[in-house]
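Colleague: Read off the chains here:
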Amino acid sequence: MTRVLSWLLSALAIGAFGFLLCVFLFQSGPVWQSEGTRYITGVSWFYRQDVFGALSLIYGSLAVTAVALLLAGPLGLGAAVFLSEYLPQKARLALKIPLELLAGIPSVVFGLLGIALLRDWVYRTFAKFDPLSGDTLLTAGILLAVMILPTMVSLCDDALRSVSGAQRQAARALGLTRAETIWNIVLPQASRGIASAFLLSVGRALGETVAVFLVIGRQDNNLPHPWYSPAPLLEAGQTLTTKLGGAETNIAFGDPLHWAAIMGLGVLLLVLTAGATCLGTLGRRRHA
Amino acid sequence: MFENIPCKNIVLETLNLEVQVRERTILQNISLQVASGEILGIIGPSGAGKSTLLRCFNRLSELTPGLRVRGEVRLMGSSIYAPELDVNVLRARVGMLFQEPVVFPVDIRENVLFGARRLRKLSKGEQDELVESKLREVALWEEVRDRLKQPAAKLSVGQQQRLCLARTLAVRPEVLLMDEPTSALDPRSTSAIEELLLEMKSRHSIVLVTHNLRQARQISDRVAVVCLRNGVGQIVEQGESAAVFNAPSAPEFRDYLGQASGM
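Residue numbers (our numbering), protein chains in the order written: chain A, 1 to 288; chain B, 1001 to 1263.
It should be emphasised that the hints constitute simulated quantities derived from the structure, not laboratory data. Ideal placement from N, C-alpha and C gives every residue a C-beta, glycine not left out. Keep in mind that the hints are not guaranteed to be accurate.
In silico negatives: residues of chain B with every beta carbon more than 10 Å from chain A [unchecked claim]: (1) 1072; (2) 1091; (3) 1095; (4) 1100; (5) 1123; (6) 1154; (7) 1168; (8) 1196; (9) 1213.
Sample of chain A residues facing chain B (criterion: CB under 8 Å; computed from the structure) [stated by the list, open to error]: (10) 85; (11) 88; (12) 92; (13) 167; (14) 169; (15) 174; (16) 175; (17) 176; (18) 191.
Residues from chain B shown here face chain A by an in silico Cβ test under 8 Å; the list is partial [to be verified]: (19) 1060; (20) 1063; (21) 1065; (22) 1069; (23) 1085; (24) 1089; (25) 1092; (26) 1141; (27) 1167; (28) 1245.
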């Protein structure tokens, strides 16, 4: 019974997602016909000329997510190790509850904080690189890092706690120090869970809109030259989500090709976030 | 109650040990001695604090929050609670085997080397030698020699427990603490472990906590009986195994024996 039900429910969930994807694919049909693969590899997006290349948006999303992960990953994992392995149980719980509350703060609030505090800080700190303003991909990445940090800590902490106490005790009884036990026993056994914490955070970062929208500058067609140059990080940019959240979406609705291009961004976003979340969830389930 | 063991080297001894959890005393007045080359059995009803007592001997008790230990524990004559003592070195000198075998999720060979490798630098040849000699010592070599690279978790529970013993022996402990090491095992694996203990006791002193009275009687040289008296765990009787079992004097111990045989 439970088996049948759980199959039914997961089929329903997959069906709903498939339906959503189909709607987006169908509506984005014209742009795939007109642009083909250039839609993904094309470097410029000028809707008045009917040129739709989403590469700079994909780049923006990935760059912002990478910055967020690079900052929040080590910090989150470190905090989780401290929480799970060093703090007494009571203090751990006392910290974990507000941490999970923090994860529930509306993202627009983070966006406002980003404008109030982070933008100027980035501008001043990187003054010698002469940025045009504090609205940059880096600013958005840092803000996202702050936003995904609580989730990161919480999920990593869960992963570490899922390693049995008997393993820690056996290692300590062999004379390993606490740090050695963490390094040799706990982290390797929690690695699957930690990986899924990273992936779920990636899913969250890719999908985040409002906060990023407020501090990224929303500059189209910004790509690095050469491709590995970090320069665009200190320039304004655009991500898939900030493009979709902007005014252009409303303008597009009247024009079938333009609308198809916008819906195409939705397809890309869905595929990216769903991919990261699915991989993360799979790892988590197998880990547990 | 205090019994001296003449003409033998005392390896481990406790003097008036007292253990508290928060404000509650759970063990008190614990004085016992373990001589070199002997097995000391610790028996008594569940909940009397036997396992907690055992964890005081390698200070693993410190990993349990809220536990406080007072009194003295000496290893080779010097206090294990001395401030200058490195507790991790102590734990390598006093090995421990748990009720359920705890193998690490790596291969068999790595399991044996796990603790040893961090204590001393070992060349590849020395590692091979150590793995073979320790696995032979626990009578596991013939069974696993062809699959040293396989995950240890694939072994049977009895084999896993012997592997854990090999891993503990590889750090060359002076004393072995055993917390009901056979209670999760089938009779054949149990007797395999018992034979090993008898064989090993000339090299390592052994403290064996057990619920199995037959085991305590057959393989321990002396026993200490830990029972609740006025709600606090204490040693109500200790001495040569045969003497203690043949003429139990403490009423708590007699009750326990009665219950155990009535079961």
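Colleague: Evaluate each hint against the coordinates.
Modeller: Against the structure, the hints:
no. : hint : in the structure
1   : 1072 : holds, 21 Å
2   : 1091 : violated, 4 Å
3   : 1095 : violated, 7 Å
4   : 1100 : violated, 7 Å
5   : 1123 : holds, 20 Å
6   : 1154 : holds, 17 Å
7   : 1168 : violated, 7 Å
8   : 1196 : holds, 18 Å
9   : 1213 : holds, 26 Å
10  : 85   : violated, 11 Å
11  : 88   : holds, 6 Å
12  : 92   : violated, 11 Å
13  : 167  : holds, 6 Å
14  : 169  : holds, 7 Å
15  : 174  : holds, 3 Å
16  : 175  : holds, 3 Å
17  : 176  : holds, 7 Å
18  : 191  : violated, 11 Å
19  : 1060 : holds, 6 Å
20  : 1063 : holds, 6 Å
21  : 1065 : holds, 6 Å
22  : 1069 : violated, 16 Å
23  : 1085 : violated, 13 Å
24  : 1089 : holds, 7 Å
25  : 1092 : holds, 3 Å
26  : 1141 : violated, 21 Å
27  : 1167 : holds, 7 Å
28  : 1245 : violated, 30 Å
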